[in-house]
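J.: Model the placement of chain B with the ligands on the given structure of chain A, informed by the hints.
Line by line, the protein sequences give chains A and B.
Under numbering that gives the first Met the number 0, the residue at position 67 of the first sequence is numbered 66, and the numbers go up by one with no gaps.
Under numbering that gives the first Met the number 0, the residue at position 100 of the second sequence is numbered 99, and the numbers go up by one with no gaps.
Please note that a few of the clues may not be correct.
[Unchecked claim] To be clear about the criterion: a stretch of chain A counts as covered by chain B if any three or more of its residues have a C-beta under 8 Å from a C-beta of chain B, and this derived list gives those stretches:
| id | segment |
| --- | --- |
| 1 | 68-78 |
| 2 | 125-132 |
[To be verified] Here are some of the chain B residues that sit facing chain A, going by a computed Cβ distance under 7 Å:
| id | residue |
| --- | --- |
| 3 | ILE34 |
| 4 | PRO35 |
| 5 | ASP135 |
To be clear, the hints were calculated from the coordinates, so they are not data collected in a lab.
The beta-carbon is built from N, C-alpha and C at its ideal position, and this holds for glycine as well.
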Amino acid sequence: MRDIVLNVNGKTRHARIEERTLLVSLLRDTLGLTGTHVGCDTSQCGACVVSIEGETVKSCSVLAATLPDGTAISTIESLATSDALHPMQQAFSECHALQCGYCTPGLVITAIDIVRKNPEGLTPDLIRKELKGNICRCTGYLNIIQAIMRGAAAMGVPTLAAEGEAQ
Amino acid sequence: MNEFQIIRPAALSDAVAAFNDAEEAMYLSGGMTLIPSMKARLAAPQLLIDLSGLPEMQGISDSGLSLRIGAMTRWAEILRSDVVAGAIPELARLVGQIADRHVRNRGTIGGSIANNDPAADCPAAVLGLGATLITDRREIAADDFYLGLFTTALEEDEILVAIDFPKPQAAAYAKHPHPASGYAVAGVMVARMAQGWRVAVTGAGADGAFRLTELEAALQSGPVEAALEKIDVSAIQVLNEPAFPADFRRQLILWLARESLGRLAV
Ligand SMILES: Cc1cc2nc3c(=O)[nH]c(=O)nc-3n(C[C@H](O)[C@H](O)[C@H](O)COP(=O)(O)OP(=O)(O)OC[C@H]3O[C@@H](n4cnc5c(N)ncnc54)[C@H](O)[C@@H]3O)c2cc1C
Ligand code: FES
Ligand code: FES
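If we strip away everything but chain A, and leave its shape as in the complex, we get (with noise of 0.2 Å):
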């Protein structure tokens, strides 16, 4: 066992963890932030995907005793406020980029992430390849690419449709 300390969405959480405890494992059963999915045991779908330090991650991968006292975290909590959407969840509402939902909290922490890596703008060819590492076994990915696309334009960061695909 040891004793770790986190900064999660925000706030310091202490746990006393066993050494395999994995980062989701500690986020949905030890803090009880269930919005992140466990969807393979392959670390191939990103169902689980979290941001430590800034910089996306496979939750299901780390071992939560390897991060360093004080790292931050953030999960899919951390986006609404009790009355707003965050202007990306609220773009994966309009253009009904989820059925079953089960991918779509480490959709959407990517979907962030893809926006804020790329400032000087977005096309739907670059979000293609930026989502290699999230499997949504539902939608066929274009509502997806539509909602990164309009999430993107409301958090003020241009979008340009590809030749011959309409935006």
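T.: Just chain B with the ligands now, with coordinates in the frame of chain A:
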């Protein structure tokens, strides 16, 4: 996963000593291969030795003739690095084709090279550029490093500390990714070095990554355009799978070599 302890040594010698003292220890870098294997119980160490606290294994530097990358450097750092972009831009292009953005934020170059997955991309760069593998106890030439599938010249307790890549005059990598996993069905690095041509193939070989010496010799002795027409690859031992049969893979190697050579020409 079975229970285990984690330690994070601050000196290489402590890491090796801890490895040898423990009943069953393993080194941990980015964990992107090891943690999924432990979840599947394909690996069950009692001690994990986290290598992230060792300063010798960090950092990227350009010595003029070569580029040195610490083994603990994550793929994402290589992609962002101005030093890499200036010294060997093709290495950054290869790294951009590995896995996905989340895995690249954790996975390290040293973990990948030590693991020697036959379908990994990096062996093409290590072998294609003729890198030197620097460990806690010696230096190993790329040509002596790869010993077969998931097997390298590293001793059981040996730690890969850094990789030294000689700068090519020109280099290009072309990959055919597996449609589901994204790993290389085949990947070919062609490099013109000061000492001559090197061509390395990953993904396809029955014994892991190998040098395509037939093509190297043809490039050495005649015009680039004619080299591919001259060589015979029918004897090369390649992996044979229902989805990617041996003959297809041999053809793929030639296509990818042509693509790489085409990119060198422009
Ligand atoms: C979904 C997914 C897709 C992927 N796609 C690709 C791909 O397309 N192409 C590709 O090339 N790779 C791919 N990978 C693998 C990825 O690149 C890993 O980062 C890499 O194989 C292992 O690096 P790591 O730092 O995570 O190593 P770890 O998992 O920490 O370690 C791997 C092994 O090496 C040993 N080890 C680690 N560091 C050292 C060291 N310095 N010295 C000695 N031994 C050491 C460990 O004990 C372990 O046995 C993928 C991985 C995932 C999960
Ligand atoms: S649950 Fe983490 S990648 Fe699938
Ligand atoms: S909405 Fe069901 S998996 Fe994406």
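J.: Run through the hints listed earlier and report the numbers of any the structure violates, in increasing order.
T.: Violated hints (numbers, rising): 1 and 5; every other hint is consistent with the structure.
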